[in-house]
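Visitor: Sequence:
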Amino acid sequence: METGFRYRDALRLLFILHMGARTPEPTEAPPGVIGIFEGEKRLMAIDFWVRYPDYLADQLLNAYEKSKDANLISEIQKIFDRDEPDVRTIKVLRWRYGAFDRIEDALAILSARNLVKPMKKSIPTGIQHDFLIYQRAAGFLRDAVQEQPTIKWYEDRTHLALSVAGDKSGSALKDMQYAVPEYDGTQWSAEIPGIKDRVLRRLKDLTGA
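Quick note on the numbering used here: the sequence shown kicks off at -13 and runs consecutively.
The hints are simulated quantities; they were obtained by calculation from the structure and are not laboratory data. Hints may be right or wrong, so weigh each one.
[To be verified] BS3-like mimics (lysine-lysine), calculated; alpha carbons at most 27 Å apart, straight line:
| no. | residue 1 | residue 2 |
| --- | --- | --- |
| 1 | K77 | K138 |
| 2 | K138 | K106 |
| 3 | K54 | K160 |
| 4 | K64 | K54 |
| 5 | K54 | K103 |
| 6 | K160 | K103 |
| 7 | K54 | K77 |
| 8 | K52 | K106 |
| 9 | K64 | K52 |
| 10 | K154 | K54 |
Keep in mind the model is a prediction, meaning the values are calculated, not measured.
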């Protein structure tokens, strides 16, 4: 079962961690840290939308229904014009708490290169897994895009996924994903199916195109 090569996964996760991090307070991070990404569950929820462009498009349609922002329709159209649900989707399995993939290898690659460091933080409900983002991560991603412009796709899709996520918690993002019948109805240990055709019909109904 093809669920992604570890270096590709590491790059995709690095875009999400870097772009989705908040600026740390001076006393909560060591020198060289420029951001803190809060919550592994939040990371995996956002990663799902980057891995499944049709599910991302579905969420952008939800946003369009509320805002009527024509720019959202433009971004959705790009997803389908470029056949992203067919050529960009990286399938993931459904487990007890929704979409799940082992990201330990990808995180180890980032940690070994001093780009990201996982950490644990005590919160009222238990332990939260956060990630320290180091200064060199920004330079690494900038150089990667300059050297291989096609990599900018990850940056663009991460930006859209983060716009959907907003400041919601990982649990709230998972709830959004469970609200999609195909996601919620997938049996444990089965691949979550695509929803391309349904989203295309929805796009046509909303725009009349």
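Visitor: Each hint: holds or not?
Guide: Comparing the hints with the structure gives:
no.: 1; hint: K77 x K138; result: holds, 21 Å
no.: 2; hint: K138 x K106; result: violated, 30 Å
no.: 3; hint: K54 x K160; result: holds, 25 Å
no.: 4; hint: K64 x K54; result: holds, 17 Å
no.: 5; hint: K54 x K103; result: violated, 40 Å
no.: 6; hint: K160 x K103; result: holds, 24 Å
no.: 7; hint: K54 x K77; result: violated, 31 Å
no.: 8; hint: K52 x K106; result: violated, 37 Å
no.: 9; hint: K64 x K52; result: holds, 20 Å
no.: 10; hint: K154 x K54; result: holds, 21 Å
In this structure, the hints that do not hold are numbers 2, 5, 7 and 8, in rising order.
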